[in-house]
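**Student:** Single-letter residue listing:
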Amino acid sequence: MEFVANREVFLPALNKVIGVVERRQTLPILGNLLIVGREGRVTLTGTDLEVEVNTNFAAEIQSEGETTVPARKLADICRNLPEGADIRMRVKDERCVVTSGRSRFSLGLLPAVDFPTMDVEEGGFPFQIKESQLKRLLDKTAFAMAQQDVRYYLNGLLMELNPATLVAVATDGHRLAKFASHIALALGESRQVIVPNKTVLELRRQLGNSDEEVAVRLGEKSLRVVVGLMTMTSKLVDGRYPEYERVIPGNIGRMATIEKESLKRALSRTAILSNEKYRGVRLNFDQGNLKLLAHNPEQEEAEEEIEMLYEGDSISIGFNVAYLMDVLAAIDEESLAVHFQDGNSSSIWRGLGVEDETFVVMPMRL
Amino acid sequence: MFALADCNNFYPSCERLFRPDLEGRPIIVLSNNDGCVIARSNEAKALGIPMGLPFFKLDPKQRRQMVVYSSNYALYGDLSRRVMQVLTTFAPRIEVYSIDECFLDLSGVADPIGEGQRIARTVRQWTGIPVSVGIAPTKTLAKLANRLAKKGQSPDGPVLDWSRLEDPAATLAGIAVEDVWGIGQRWGKRLRALGIADALAVRAAEPRWLRQQFGVVLERLGWELRGRSCLPLAALQPPRQQILVSRSFGAAVSTLPALRAAVTRFATRAGEKLRAQGRCAPALTVFIQTDPFDPARPFYANALTLPFAIPTQDSAALIRQAIRGIERLFRPGDAYRKAGVLLPDLRAAEPGPSDLFADPIADQAAARRMAALDAINRRFGRDTLRVASEMIGTGWQRRAGRMSPSSTTRWSALPTVRAC
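Top line first, the protein sequences correspond to chains A and B.
Numbering-wise, the working numbering comes out as the position in the first sequence, counting from 1, plus 607.
Mapping of the second sequence onto the working numbering: position 249 corresponds to residue 235, and the numbering continues sequentially without gaps.
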């Protein structure tokens, strides 16, 4: 195999696929990229056996063929070459030689036949969604996914397909984020799948704010998303997601309206003197006034008050400040509405007037 | 000003408490399963019995002169609690440092020596345990002062005030660097390689240099030896970070039921401790090992940490997890000598649900069950109510053939005194 491509085409393609390549692999070949040069195009593929990403670009192909080379080394080399440089890749004597201008790199390679590509699942349910719409769905929810929970089905994002909505839900047991995206889906009954944590984060990283259509295909065991030239194929988490509706409190009597920025700033200040491990901040809701309190084991205290719209009894609720900050970052509106019952029950947070998003936060005992 | 009150030969002193006839006789206390010598009375020390000596290596002739006890932690723990209780009356703030040591804040006390003597006298009189008191401007020096007092190098009996030393430099020069509080064998070796062999040399070293070479901990020690206090009293015992329950077995255990029974027992104990401290466990580690000294078989040791979906206080959950672990660790054909259960990364138990998917009704039922279990066992004695899987399988119980009665914690063990 031998081809020449410009750095400004090669590097962006590399950046698309490098994200899924783990820094430490179980199999050496998982640290490599599969590079195929054929019919005027070069295809790059990276995988961690759970999620696979490939993309392609036009190149001047001198001889067709395929190989695998160390992903990070190749990306680092391309990144450090001068802007606009032409890069030549050539397989010769069990080495992959990268040349550009007066630079020359000889990389080790592993045979392309050993590269584990994912099986393409036939059939499945296809649909189209705007890139920006899919990105928004992930932005609103991905932060609440569990990282390494024993309940493995929480280490992912629930995608629920309904005839008129695509709903995403994420929770780690302490907070829950749900967002409904309005989209007509030609399916008879609802369907749920769990997309693994890493796939969600990688997809979110790659999505932009364009109105281009993204093609999604949902199989029994895998998910395929095509964004422009990039194709991401991921296994699904084999498990049943808990009944999330059950933990979204229904009848909540009290509601307060708070300006988001001032709450955010007040929280980050009070949090300085919260317990470093548990990050607890107490919120006292009182007529028109929200008081934030924090203290730490050194008996240091922080107190801050901000205005809000609230008519009702005094209620005090403890929160993990990190959870609240995540929620505030996910809300787009300038004001937010918080619904709560008492200091022992979970509360619901939303942008003011927004129905599509639901953020549930458990209280913590302080 | 700090005082360190340290019980003299604590375990032998406890054993003597109900056996006044043992006054003046050499006593040794053995570790779990009567393996090694872990405590010696002054008389035993005088006979040259070294610390940590395997019991079977003790010369039979010497053994006959000796009063030998298996360790009785119920007795020692209870007497320790009593000693600490007496000490609280002497200072506004104390730090219980170990089972037999306690720092007291003596700042503002006009006559520290007199106060120290009152402390020693009162503890002796109220609990029967002899204590020595070291007094100094820093905790590190108080620790050294206490050592000197124990060695009888004080004009004030059981109390030694550092400021009364005629030549503190000479005293420090006589203390090996490894014997300074906080310096272990490893640092000792490195310090010696740098030409610092005794406490005086540590004091003479530039504190900044100590920090560069060893870090802030040793810099603090340097300042403390110079008399500037860097280590305040840790008045509040920080809540426990972990709970470990492990035992060496009385005899080798090679069957799964016996191991299951053993870890059930350990998990039960760990659960009791957990609830008593109001903490809950996010995970459970279970470990087993074979006899490391058996030349006939290869050594096998392994551990497994299993997390809980939701941190728990429930013994039933702990036991289930421990049994799951031991079933995965067990290899048929091995003879196990030791097993244990560790609860790491403990956190405060929150009343009420702490997880969206918790089942509050089941949790409350479990909490009530545990509360009832604990209440029954507190009232009618430990082991009144036990988990059945603990009784299916024996052979792992510890060997403690020479244990004294637990005279302060069991009604049945109350000593009888006959007046003639």
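What the hints contain is simulated information worked out from the structure, not anything from laboratory work.
Glycine included, C-beta positions come from ideal geometry on N, C-alpha and C.
Be careful, since some hints might not be right.
[Stated by the list, open to error] Examples of chain A residues toward chain B, derived with CB under 10 Å: (1) ASP746; (2) ARG758; (3) ASP779; (4) ARG782; (5) SER953; (6) ARG957.
[Unchecked claim] Beyond 10 Å from chain B on every Cβ pair, some chain A residues (computed): (7) GLY708; (8) ASP756; (9) GLY780; (10) HIS781.
**Student:** Indicate, hint by hint, whether the structure satisfies it.
**Tutor:** So, going through the hints one by one against the coordinates:
Restraint check, ASP746 (chain A) versus chain B: the minimum CB separation of about 22 Å is more than 10 Å; hint violated. Hint status for ARG758 (chain A) relative to chain B: holds, with the closest Cβ pair at about 5 Å, below 10 Å. Interface restraint check for ASP779 (chain A): the shortest CB-CB distance to chain B comes to about 9 Å, inside 10 Å, so the restraint holds. Satisfaction of the interface hint for ARG782 (chain A) is found here, the shortest Cβ-Cβ separation to chain B being roughly 8 Å, below the 10 Å cut-off.
Checking SER953 (chain A) against chain B: minimum C-beta separation of about 7 Å stays under 10 Å; hint holds. For ARG957 (chain A), the shortest C-beta to C-beta distance to chain B is roughly 17 Å, which exceeds 10 Å, and the interface hint is violated. The Cβ of GLY708 (chain A) lies farther than 10 Å from every Cβ of chain B, with a closest approach of about 47 Å, so its non-interface assignment holds. Some Cβ of chain B comes within 10 Å of the Cβ of ASP756 (chain A); the nearest lies about 7 Å off, and the non-interface call is violated.
Some Cβ of chain B comes within 10 Å of the Cβ of GLY780 (chain A); the nearest lies about 4 Å off, and the non-interface call is violated. The beta carbon of HIS781 (chain A) is not kept farther than 10 Å from every beta carbon of chain B, the shortest such distance being approximately 7 Å.
Comparing the model with each earlier hint shows violations of hints 1, 6, 8, 9, 10; every other hint is respected.
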